[in-house]
Amino acid sequence: MATSQRVMTHFDKPMWASIERGRLELQACLDCGQFRYPPGPACPHCLSMQAEWRAVSGRATILSWVVFHKTYFDDHPAPYNAIAVRLEEGPIVVTTLAGEPPRGSWIGKEVEFCYELHAGRMQHKARLRHVGPLQAGAAA
Amino acid sequence: MIREDLHKVAAVAGVGHTDWVGDHLRVRAGEKPQDSYGYGAIAFKAALADAGIDRSDIDGLIVGPTTAYERVAEVLGLDVRWGGEADAMLGVIQACMAIKSGMAEVVALVYGNDQRSAAVNYGGANAQGGGAFLAYVYHAPWGFTSQGALYAMMFRRYMELSGLTEAELGEVAVAQRLASSRNPNALMRKRITVEDYLSSPYICEPLHLFDYCLINDGGVALIVAEASRARKMSKTPVMIHGVARSDLNRGATSLEPRLVDFYRSAQQRAAEQVFGMAGIEPDDVSSLQIYDSFSCHIPLALEGYGYCKPGEVGRFMREHGISLAKGLPINTSGGHLSESYMQGWNHQIEAVRQVRGEGGDRQVPDCRFVHYSSDVAGKAVSIMYGR
Chain A
0 MATSQRVMTH
10 FDKPMWASIE
20 RGRLELQACL
30 DCGQFRYPPG
40 PACPHCLSMQ
50 AEWRAVSGRA
60 TILSWVVFHK
70 TYFDDHPAPY
80 NAIAVRLEEG
90 PIVVTTLAGE
100 PPRGSWIGKE
110 VEFCYELHAG
120 RMQHKARLRH
130 VGPLQAGAAA
Chain B
0 MIREDLHKVA
10 AVAGVGHTDW
20 VGDHLRVRAG
30 EKPQDSYGYG
40 AIAFKAALAD
50 AGIDRSDIDG
60 LIVGPTTAYE
70 RVAEVLGLDV
80 RWGGEADAML
90 GVIQACMAIK
100 SGMAEVVALV
110 YGNDQRSAAV
120 NYGGANAQGG
130 GAFLAYVYHA
140 PWGFTSQGAL
150 YAMMFRRYME
160 LSGLTEAELG
170 EVAVAQRLAS
180 SRNPNALMRK
190 RITVEDYLSS
200 PYICEPLHLF
210 DYCLINDGGV
220 ALIVAEASRA
230 RKMSKTPVMI
240 HGVARSDLNR
250 GATSLEPRLV
260 DFYRSAQQRA
270 AEQVFGMAGI
280 EPDDVSSLQI
290 YDSFSCHIPL
300 ALEGYGYCKP
310 GEVGRFMREH
320 GISLAKGLPI
330 NTSGGHLSES
340 YMQGWNHQIE
350 AVRQVRGEGG
360 DRQVPDCRFV
370 HYSSDVAGKA
380 VSIMYGR
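For the protein sequence lines, the chains are A and B, in the order given. Numbering that gives the first Met the number 0 numbers the first residue of the first sequence as 0 and each following residue consecutively. Numbering that gives the first Met the number 0 numbers the first residue of the second sequence as 0 and each following residue consecutively.
If you're looking for bench data, these hints aren't it; they were derived computationally from the structure. Fair warning: this is a prediction, and the values are worked out from it, not measured in the lab. Be aware that one or more of the hints could be misleading.
[Said to hold, decoys possible] Computed from the model, here is a short list of chain A residues facing chain B with C-beta under 8 angstroms:
{"no.": "1", "residue": "LEU29"}
{"no.": "2", "residue": "TYR36"}
{"no.": "3", "residue": "ALA81"}
{"no.": "4", "residue": "ALA83"}
{"no.": "5", "residue": "PRO90"}
For glycine and all other residues, C-beta sits at the position ideal for the given N, C-alpha and C.
All chains, please: the whole structure from these sequences, using the hints.
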């Protein structure tokens with residue numbers, strides 16, 4: 000077995016540098032405004048080659064989840080989870096749900112990104128956003 | 000528009016495969032019976048013998064993605080006028096296209112894979128296929144690896160949205176074990192129940208051990224010939240009545256077509272084409288062979304190809320049935336879960352044998368049309384085999 004590795008193409012480097020700084024940045028198309036993930040040379044929506052790196056809010060909604068009962072990497076002993084979330088900005092990203100998991104279905108739960116040291120590198124995770132009646136009232 | 004140009008242009012005139020059971024025992028005992036080229040050569044010779052033709056009749060060659068085209072041709076001593084590399088389903092379609100266009104008349108399709116004895120990994124640090132399919136390796140930092148996990152993520156969402164239960168998904172593994180229990184070529188022949196399924200360990204929850212395909216060594220070969228030549232070669236040529244393909248690669252790495260669509264729109268487009276080209280409907284199909292790296296391919300294909308209404312497949316599998324005992328029999332050899340993991344190739348020869356009536360104890364009665372379907376790595380592919 001071995002430690003999990005990042006895919007690090009030319010376009011992944013700025014993204015991982017932003018994660019090291021503690022805030023995920025993705026490419027936003029300068030022509031149509033769409034965010035893309037994973038990073039790449041062209042906008043799949045409009046084929047523009049012009050993009051800038053923009054920080055995402057870190058707010059997202061869970062689309063699905065799995066729990067691994069088999070260990071594939073030294074740095075991820077089973078059991079552990081993985082979730083697919085849709086960022087507020089549009090792209091779907093796979094990450095880890097940190098903290099106590101929800102009871103019942105995880106789908107539709109709102110999460111917020113956090114950043115932690117893992118196997119010598121920073122990476123994002125997500126925590127449930129507790130939007131209770133008290134906070135909702137306070138926000139109003 | 001439905002193109003009918005490939006309707007009954009070509010037929011399968013011969014099939015062959017290696018001794019999956021015997022080789023598996025030897026590999027597990029620490030031996031290495033063959034490499035990928037050797038397994039391919041054994042299967043090729045068996046397919047030639049089955050078609051009753053000589054190697055000199057072959058003028059086209061397609062090899063599976065696990066071997067190099069030029070080297071297979073060299074090993075088999077073949078100088079052809081057309082060829083290339085493809086997976087099982089695209090290989091059959093490309094053979095039809097080559098025959099239709101006159102580039103070849105008799106095409107050998109040869110696959111060999113020593114994945115078990117070579118200890119190929121489909122998850123973890125050296126996961127196979129990551130070069131072509133970024134999703135297989137991109138999410139590794141979060142421990143999200145293995146093709147099983149991609150399907151587990153997809154199917155968890157499907158289960159939550161549709162209400163399909165784990166016990167209903169278990170119908171797939173149970174049905175395929177019933178089939179493999181009647182198949183002397185199958186690696187796993189012990190029948191299981193839904194209770195056995197539910198008490199088996201999770202690998203990537205919600206998928207259990209019995210939802211995962213086997214990993215074993217072996218080879219498969221087919222001889223696909225221009226239809227009139229196939230009739231001369233074989234007493235029971237199996238016609239290719241229709242073929243179809245529709246891809247979904249946009250957003251593939253972030254799992255968009257899996258999580259948002261379950262590949263359904265691609266399957267619906269492929270269904271329209273394959274049934275249109277064959278001139279039949281789902282009701283005319285006697286058996287369905289579905290690429291089953293994981294059991295959850297089956298319910299999604301049954302819905303995607305219109306064998307039941309969207310959202311109803313759990314009930315369909317439980318009540319109508321998907322086994323040799325009841326309903327629409329799927330993966331009648333045991334498929335990848337229970338017969339042999341030949342990456343779609345064993346499904347092609349099972350379809351041929353069922354249409355020929357050579358299924359033995361697992362024969363589907365009055366088998367007229369066998370529909371093959373796969374949705375591997377964003378490609379929904381269909382082939383309709385018939386008399």
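Okay, the hints, checked on the actual structure:
no.: 1; hint: LEU29; result: violated (20 angstroms)
no.: 2; hint: TYR36; result: holds (5 angstroms)
no.: 3; hint: ALA81; result: holds (4 angstroms)
no.: 4; hint: ALA83; result: holds (6 angstroms)
no.: 5; hint: PRO90; result: holds (6 angstroms)
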